Every structure is written in C-alpha cells, then in structure tokens.
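**Student:** Now for the letters of each chain:
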Amino acid sequence: MSAVFQVEKLQKSFGGLAVTQDVSITMQPGDRVALIGPNGAGKTTFVNLVTGHLKPDAGKVMLGGEDVTAQGPTRRVRQGLVRSFQVTRLFSEMTPEEHIAIAILQRTGRSGRVFGNFHAMPDVMKETDALLATLGLDHIATRKVSEIAYGQQRLLEIALALALKPKVLLLDEPAAGVPQSDTPRIEAALAGLPPDLAVLMIEHDMDLVFRFAKRVIVLAAGAIIFDGSPQDVTSDARVREAYLGNYANASPAA
Amino acid sequence: MAAIETSAAAKPETARPNWLLRDLTGLAIILIVAVIGYFLFPNNLALLTRILGIALLVLSLDLVTGYCGVATLGHAALFGAGAYASGIAAVHFGITDPIAMVGVGAIGGAVAGLLSGIVILRGHGLAQLVLSIAVIHLFHEAANKASSYTGGSDGLAGISPDPVFGLFGFDLWGRTAYGFGVALLVIVFILLRFLVRSPFGMLCRGIREDPIRVSAMGASVQGTLIKMYVISGAVAGVGGALNAISTQVVGLDSLSFTTSAEALVMLVLGGTGSLYGALIGTVTFMWFEDVVSAANPFHWLTIVGALLIAVVLFAPKGLYGTAASLLDRYRGRS
Ligand SMILES: Nc1ncnc2c1ncn2[C@@H]1O[C@H](COP(=O)(O)OP(=O)(O)OP(=O)(O)O)[C@@H](O)[C@H]1O
Ligand SMILES: [Mg+2]
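Top line first, the protein sequences correspond to chains P and W.
With the first letter of the first sequence counted as 1, position 156 gets the number 156 in the UniProt record's numbering; the numbers rise by one all the way through.
With the first letter of the second sequence counted as 1, position 113 gets the number 113 in the UniProt record's numbering; the numbers rise by one all the way through.
Calculated directly from the structure, the hints in this document are not laboratory data.
Here the structure is a predicted model, which means the values were calculated and not measured.
Note that beta-carbon positions come from the ideal geometry of N, C-alpha and C, so glycine has one too.
Any given hint might turn out to be false.
Looking from chain P toward chain W, a few residues come up when the C-beta cut is under 10 Å (computed) [what the hints assert, rightly or not]:
| # | residue |
| --- | --- |
| 1 | Q11 |
| 2 | F14 |
| 3 | K55 |
| 4 | D57 |
| 5 | K60 |
| 6 | R76 |
| 7 | V82 |
| 8 | Q86 |
| 9 | H99 |
| 10 | L105 |
| 11 | Q106 |
| 12 | K126 |
| 13 | A130 |
| 14 | K167 |
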C-alpha cells in the first residue's frame, strides 16, 4: 500500500530554538497514530508546518505521492489534509449549523454561490443534522457559538474537520477542555470514521491514546524519540526520561 | 424561559427567522419612507436622490467592511469610478439611455473594485488603511489628469440622459430621478439580501471573524475577498451612475477622500454588518447634515462630530445594531 501522507526531514527553528528537528513520518490509509510528548515538544508546530500554516526551514511534505511543500494551506485542505485546532477557532457570531454547512458547501464546491441558502439545500441540511447529532450538538445547532459551552465548542471543532471528509486528519488535542462525560462522544465519532482515513491525534490523555492508537509517536524537544506500538511506549527508556521532567510518570495522567 | 427550553428540541423559532417576512417588512418600510420623503420634501428631491446614491455607496462599503472586516478609507474610488464611467459613456460615447448608463457605471465600479481590492487586500490592519488612502488619492489624481475625458477639476458636464424606458424624461424637479433612484436602491437591496444569506455571504462573515479558520476549511480567503470587492464595486458604481444621471455632472469630489471617510462615518453611525444599518446611517447623517448646516453653517461639523462621538461611545453597534439588540433583549425577557 502506498503512503497517503509522508513527511521527510522537516526542520523548523524559532530564533535559536529548534522546535522541529529532522521529523519524518509516513502514514498509510487507515492508520491510527497518536502523537504524544511533553508540553512544548513541538507537536502543534508540526501540525502547523505540514498544513502550511507555517513555513518549514527544510524538509518535504507529500500528500498522496505529490509534493505539497510549496502549496498554501487551502490547497492542501482541498487535497484532503485537514486539521483541528488545539485552541478552538470558530466563528463566534455563527451557529454550529452554519459552521458545518459552510464546510460541506466548501467541500462540494458550492461555497462561492451568491444565491440560495443552505436551509433550502436538503443534502446539506441532512448531512449537517446527522453530523451534529453524532457529536451530540443537535440541540444547540441554532445557537450562536459564543453562547455555547467550551466543551461543546471543542466538539464542534471536531465536527468541522469531519465535515470536510479528509483523507488525512490531524487532530490537535481534540479532548482538551471537553468534560469527561463528553469524551465518549469524541471516541464514538473517531470510531465511526471511514476505515481508510489516516488519522493522527495529538493527545495527553493516555487512556484515550491507548484505546485509539495502533501506533504511537513520541516527540521530545522537537525530535522523534519513539515510533512504535502502544504496548512498548511506556516501557521505553528514552520516553520515560523525556517525560520525567514534566510528569511523575508516563502512565495514565493528563 | 420555560417556553424556550421546551421548544428547543423542535428548533427554536428565533434561530431560523422568517426571512421572507422580515425582508418584506424591511422593503415596505423603505418604500414608505421613500414616499413620505417625496411628499414631505417636494422641493428638495435633489437632496433625497443624492441620499439614495450615497446609500448605495454605504451599502457597498458595508459589504467589504461590515461583512468581510476590511478597513478602508478609499471606498469612494468605486463610487466615483461608476459616476465617471457612466458620465463619460454619455458625453463621449453617446450612451445616454439611463439603464445602459447604470450598467456602464456598475462595470466601471466593478473594475475599480477589482483594482483597489488587489492593492488594499495586500495589507492588514493599519497597512490596509494606509493603502486604501493611497488608492483614493491615486484615483483622484488620475481623474484630475485625464481631463480630456473627465473635465478635470471643472468636472464632467453635459450629461443628458434619455427618458427612462423612453417615457419618463428627467424633469427639472427631479421627480423622475428620484423615482429612478428609489427603484435602483430597492433592486440592489433585494439582490444584496440574497447575497448576504448565500453560501458566499456566509463565507465572508467567516473571514471577518477568523481568516485562518476559513483557510483551514479549504476556502480561499483572498479570492473570496476580491470577489466581494468586485461585487461591492458594482453596487457603488450603480450609486455613482445614479449621481451622474440625476445631477448631470460628475465632479472630482465623487472620488475624494472626504467622501470615502464620510461613507465610513455613515456606516459606523448606522451599524456595520447589516444592510439596514447602512441605510439608516446614511439617511440620518445626510438629513442631519442638511438640517444642521442650514441652521448653523459655522458649527455644523462640530455638532456632527459630537453626534458621532456619542454614538461610538454609547451605541457602539450603531443606531440599528443597538436598537436591534435592545429589541432582542426585550423579546428575550418577555
Ligand atoms: N510562532 C512561534 N514563535 C516562537 N516560538 C514558538 C512559536 N510557536 C511555538 N513556539 C515555541 O515552540 C515550542 C513548541 O511549541 P508547540 O506549540 O509546538 O508545542 P506543543 O508540543 O504543541 O505543546 P503543548 O502540549 O503545550 O500544546 C514552544 O517552546 C513554543 O514556545
Ligand atoms: Mg500544542
């Protein structure tokens, strides 16, 4: 099977601080990868680099075999590389329903239309309602985002990424800020993803990591120090060392 | 409150407003105000028609500033381009049918919108504002220099439009011009109501709030903004053409920084991001200007300044925006 997503020797420094050092990751369709690492390890920076929100100093990003390093974020999204944000980025004056509708209209090439309204487009409404229901947001579908709880905004952030029907999905701490009672909703949504979608999830909650991932990558000080199975990660000496400064142990903690 | 809770499952009616009813009400109010204006100021129809033209400029500004969040002090470039385009078409190319002149004005405005959009959208925040000021000065200077077409600082005179549909000649009292202006405003207003609710309109509102989120959804921020600038230019161009047709001259003031700044003041006064706010701001400002400058020709600017400060400090959402949120709160309580 050929790689759907390939990062080669990615480099990035801010001033003198090397935040991304020689990072290479390859993902196949259907992969479920967790990217973990202490605070400030460079996980979000990695996502910003591969999605085109930041320019790497060196290295290559390939999508479905095509080099996209020179492309802007928009074109990468259109080729199926979709991310969510660690700190929610939503339109506070709009409703969840409108958010999802914009995403669906964009995906289906209708976001430039200067007439009509999504309420009168049955396919958009049907998909919007279904997606919001999956994440338990249907009862607040028509509230302004500024008026809904932060946990609900986090769920909407995920719904928005799913509405774009990605080929490669990068989730930056999807469960951060979501009340414990709502994490099952996120897990259910993740479990319901198309099997051929490649997912990389950044997450501090190790329970979630172990339930979700078939492969774990550990980033510390900008470099990959572990890439392997979830069974081996907690016993790895370098991983333990990397986490010691930040956590008492690397086992279930958040 | 209990009623809201129980109806939440069945989609609260406040959330999906009955647009048709609201728009028809709005349209009816516009028409009623237009008719009242006609009977109240039969000797001042020229002023009312000028208000209609400027209202189109302020609506156009609202599209880029209110809906997309672009800061500009150069929007009269689009208005003036429309005025000159239709005036030049009439004087130099014999296109004197008023509807054709409006069409030419819209195209002229759209082209000016494209050009100034390309320049202004290169910058953000303060740089954007400075670029917009540069744009309006460049347009002004270009019109001044191209005097063989534009008449330079003397203005472009000798515009004599044909009767509308070959039936309604432009009379001395300005009745035809006023009726023509009201018709244009109503048509543009209806089209813009569709525009702001369309997928494209939603995308623009998204860009105003968070362009990075919009690009992360795969939509082109720059392309969308340029498109809105072209549409906005067409709207301002229609306003400019109306001005050229009704006054039968085009002056350099239609392309001025002052006109641009006043349009922004009117928009802020009425409330950004709502078409009704743009209309209310224009009418209030221009009516106020007329009354106050007649009553006190020396200090009217001071009074306008005081009014503006009062609005910005005490009603930051503008007259319409503040009234609308007060009404919402009142409804929420009852
Ligand atoms: N735009 C920037 N300019 C300068 N330094 C930056 C910038 N963005 C991130 N950094 C720095 O790079 C390092 C990595 O940050 P990053 O946000 O990628 O970490 P992270 O692994 O996502 O951490 P967390 O788990 O807290 O989200 C941090 O030291 C941070 O301060
Ligand atoms: Mg991070």
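**Student:** Give a verdict on every hint.
**Tutor:** Taking the hints in turn, this is what the structure says about them:
1. Because the smallest distance between the Cβ of P:Q11 and any Cβ of chain W comes to about 23 Å, over 10 Å, the interface hint for this residue is violated.
2. Evaluation of the P:F14 hint against chain W yields a violated restraint, the C-beta minimum of about 18 Å exceeding 10 Å.
3. At its closest, the beta carbon of P:K55 sits 14 Å from a beta carbon of chain W; the interface hint therefore is violated under the 10 Å criterion.
4. Residue-level restraint check for P:D57 is violated (minimum Cβ-Cβ distance to chain W is 21 Å; threshold 10 Å).
5. Interface hint at P:K60: violated, since its Cβ lies 21 Å from the closest Cβ of chain W, which is beyond the 10 Å cut-off.
6. Among the interface hints, the one on P:R76 holds; its C-beta lies about 8 Å from the nearest C-beta in chain W, closer than the 10 Å criterion.
7. The beta carbon of P:V82 comes within 8 Å of a beta carbon in chain W, closer than 10 Å, and the hint placing it at the interface holds.
8. For P:Q86, the interface hint is violated, the least distance from its beta-carbon to any beta-carbon of chain W being 12 Å, above 10 Å.
9. Because the closest C-beta pair between P:H99 and chain W is about 8 Å apart, less than 10 Å, the hint holds.
10. With its C-beta approaching chain W no nearer than about 5 Å, P:L105 sits inside the 10 Å limit, and its interface hint holds.
11. Given hint, P:Q106 at the interface with chain W, holds; its Cβ is 5 Å from that chain's nearest Cβ, closer than 10 Å.
12. Evaluation of the P:K126 hint against chain W yields a violated restraint, the C-beta minimum of about 15 Å exceeding 10 Å.
13. Because the beta carbon of P:A130 sits about 15 Å from the nearest beta carbon in chain W, more than 10 Å, this interface hint is broken.
14. The beta carbon of P:K167 comes no nearer than 12 Å to any beta carbon in chain W, farther than 10 Å, and the hint placing it at the interface is violated.
Of the numbered hints stated above, those contradicted by the structure are hints 1, 2, 3, 4, 5, 8, 12, 13, 14, listed in ascending order.
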